[in-house]
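S.K.: Sequence:
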Amino acid sequence: MGRDLFPAQSLGVPSSHDTEPPPPGGGSFSIRTGEEQLGGYLTQPLKRAASLFGDRLAVIDGDTRYSWAQLQERVARMAGALHDRGIREGDRVAILAYNSFRYFELHFALPWAGAVMVPLNTRLAPAENEFQLRDSQPRLLFVDTEMLPSLDSMGDIRDTIDVVVLDPASGANEYESMIEGAVVAPDRAPGGDSLAGLFYTGGSTGRPKGVMLSHDNLLQNAVNTLIGVGYDETSRYLHAAPMFHLTDGMATYSVTMAGGIHAFVPRFDAVKVLEQVQAHQITNLTLVPTMIEMLAREAERGSYDVSSMRQFQFGSSPMPDATLERALRVWPDTLFLHGWGMTEISPIGTMLPHHLRDPKVAGARLRSVGIPAPNEEIRIVDENDEDVPRGQVGELIVRGPMVMLGYWNQPDITAETLRGGWMHTGDAAWQDEEGLLYIADRPKDMIISGGENVYSTEVESVVGLFPGVREAAVFGLPHEKWGEMVCAAVLPEDGVELDLDALEQFVRSRIAAYKVPKKVFVRTAPLPLTSAGKLSKKTLREEYAPSA
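Heads up: the sequence shown runs through residues 105 to 652, numbered per the numbering used here.
You may find that some hints are simply not true.
Restraint ranges, calculated between C-beta atoms of paired labels, are given here [claimed, not checked]:
| hint | residue 1 | residue 2 | range |
| --- | --- | --- | --- |
| 1 | I517 | G539 | 22 to 32 Å |
| 2 | E647 | D516 | 27 to 37 Å |
| 3 | Q241 | G554 | 46 to 56 Å |
| 4 | E278 | H583 | 52 to 62 Å |
| 5 | I331 | V288 | 47 to 57 Å |
| 6 | G406 | R238 | 40 to 50 Å |
| 7 | V288 | N479 | 27 to 37 Å |
| 8 | L604 | R169 | 29 to 39 Å |
| 9 | D167 | H583 | 56 to 66 Å |
| 10 | E193 | A616 | 37 to 47 Å |
| 11 | I517 | E487 | 13 to 23 Å |
| 12 | R262 | P630 | 49 to 59 Å |
| 13 | E481 | A617 | 50 to 60 Å |
| 14 | G554 | G406 | 40 to 50 Å |
Think of the hints as simulated: they come from the structure by calculation, not from any bench. Backbone N, C-alpha and C fix where the C-beta goes; we use that ideal spot for every residue, glycine too.
Build out the structure end to end from the sequences listed, making use of the hints.
M.R.: Below, the structure written as structure tokens:
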């Protein structure tokens, strides 16, 4: 549905230029057919790394070490094993597992076999993953031992899908046996606009959507990430965020393009992450601000050498000032790259320019998500899709070669999202006079109180500065007179009893009166997160609605 966003040449369709006769005076040319894959495909970064850096270390996972040459052979053998299991080009293969070098290998083994990757979220309930499995209909599922019991509540799933245990925790190592018993397979090399993966969105507003991304989508975004982040062959990236998220997947491809080193922790744990940073001289991490807060707190308590860190990449929400201050005490010379993206654009859309990643230089501009990728256009539009002036909030729409093919089995939603030659993100945003982009709120998180728009992220940044506040979230609840009232949920620092009157005066002195929270709920438990690790304001609204 989204293919009208791009010229015919990007689809492999001959243009009028392609069919013109040879120029006068002779000469000849031939038109390449679709059977000859001379474009981009997802195994190219691995092949390049194996060719240039064959004997160099590629992955570190516990006691496991593989070079790029060894990794390529394992990938080619796994592709052969998949063929032996009946996997053919275009078949879907799902993964329900925690971070590991095996998960990393599958990012390349599946396209090598011509298969389509379907990563599943380990944080979802079994019923949610069952929906995604039935919707995507994979031929095979790689699963960690810990996740096996969840399959038992999915009806006949285990009878309809070939299941392979990915990790060796169960004793038998089926994955390694597949590699050992297979021959090196030729690379199927699907590429271009062919489907590379189905990546399901959280479904917070209803039925989850399977985002269809092509080889071109992912490769274009990987190149943007490589250049934008600044990876090189000395980079050492720790996969600490979930590998089922595409943001981490971009590091899989882009760090491989650079010939850097990949290290892994099964799931985020502040102590284990800091231990890995110290042990393997990690240079880059991609995390959400809440994870950076946990790392900084643990680093202050413990004794870790974290001086190797060059840059944190973060997104999903701005960095609270208190978190940044704490992080800078631990990493005074580390850069902080704020970016924005979504699964539908493969997923990185914007990044802070290099000169604004030093908080001492950036100041308040660190709250910006930066500028578009070099091959991406953005607009900020009103409800009629007309451009709004700089400084005014509107909907962010984008286009470029990273925009998805569409939603799996949902043509109507695809048509609504990809319309008029643009991808409509649903995110509210604005640009300053420098062209820097700021995300205001998703429409569902914007509060309309007495006819005024209140952007929760703005209020959160102020509430979070109050001494003793550890976490803060701002959301709207129904109000008979004003339509909605601004509310805040706060988690105090350990042992701190908040003075709510002082908090109100603190906030009132910094922002307009209509933005000041009318109710503040003090929590003893951390703020709720979605399965994607983002703050769940929907949960907060449901929890506190009876108090409205």
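S.K.: Has the hinted range 49 to 59 Å been met by the Cβ atoms of R262 and P630?
M.R.: Since the Cβ atoms of R262 and P630 sit about 35 Å apart, the hinted range of 49 to 59 Å is violated.
S.K.: Starting from the range 40 to 50 Å, see whether the pair G554 and G406 falls in it by beta-carbon distance.
M.R.: holds, 48 Å
S.K.: Looking only at beta-carbon atoms, does the pair Q241, G554 fall within the given range of 46 to 56 Å?
M.R.: holds, 49 Å
S.K.: Mind checking the hinted window 40 to 50 Å against the Cβ distance between G406 and R238?
M.R.: holds, 45 Å
S.K.: Looking only at beta-carbon atoms, does the pair D167, H583 fall within the given range of 56 to 66 Å?
M.R.: 58 Å Cβ-Cβ, so the 56 to 66 Å window holds.
S.K.: Can you tell me whether the CB distance of E193 to A616 sits inside 37 to 47 Å?
M.R.: Given a distance of about 58 Å, which is not inside 37 to 47 Å, the answer is violated.
S.K.: Can you tell me whether the CB distance of E481 to A617 sits inside 50 to 60 Å?
M.R.: Roughly 39 Å apart at Cβ, these two residues miss the hinted range, so it is violated.
S.K.: May I ask you to test the hint 47 to 57 Å on the CB atoms belonging to I331 and V288?
M.R.: violated, 32 Å
S.K.: Given the range 22 to 32 Å, decide if the beta-carbon distance of I517 to G539 lies inside it.
M.R.: Taking Cβ atoms as reference, I517 and G539 lie about 31 Å apart, which means the hint holds.
S.K.: Is the hinted range of 13 to 23 Å satisfied by the C-beta distance from I517 to E487?
M.R.: holds, 19 Å
S.K.: Can you let me know if the beta-carbon spacing of E278 and H583 is within 52 to 62 Å?
M.R.: holds, 57 Å
S.K.: Evaluate the given range 27 to 37 Å for the C-beta pair formed by E647 and D516.
M.R.: Hint holds: Cβ distance 33 Å, inside 27 to 37 Å.
In this structure, the earlier hints numbered 5, 8, 10, 12 and 13 are contradicted, and the remaining ones agree with it.
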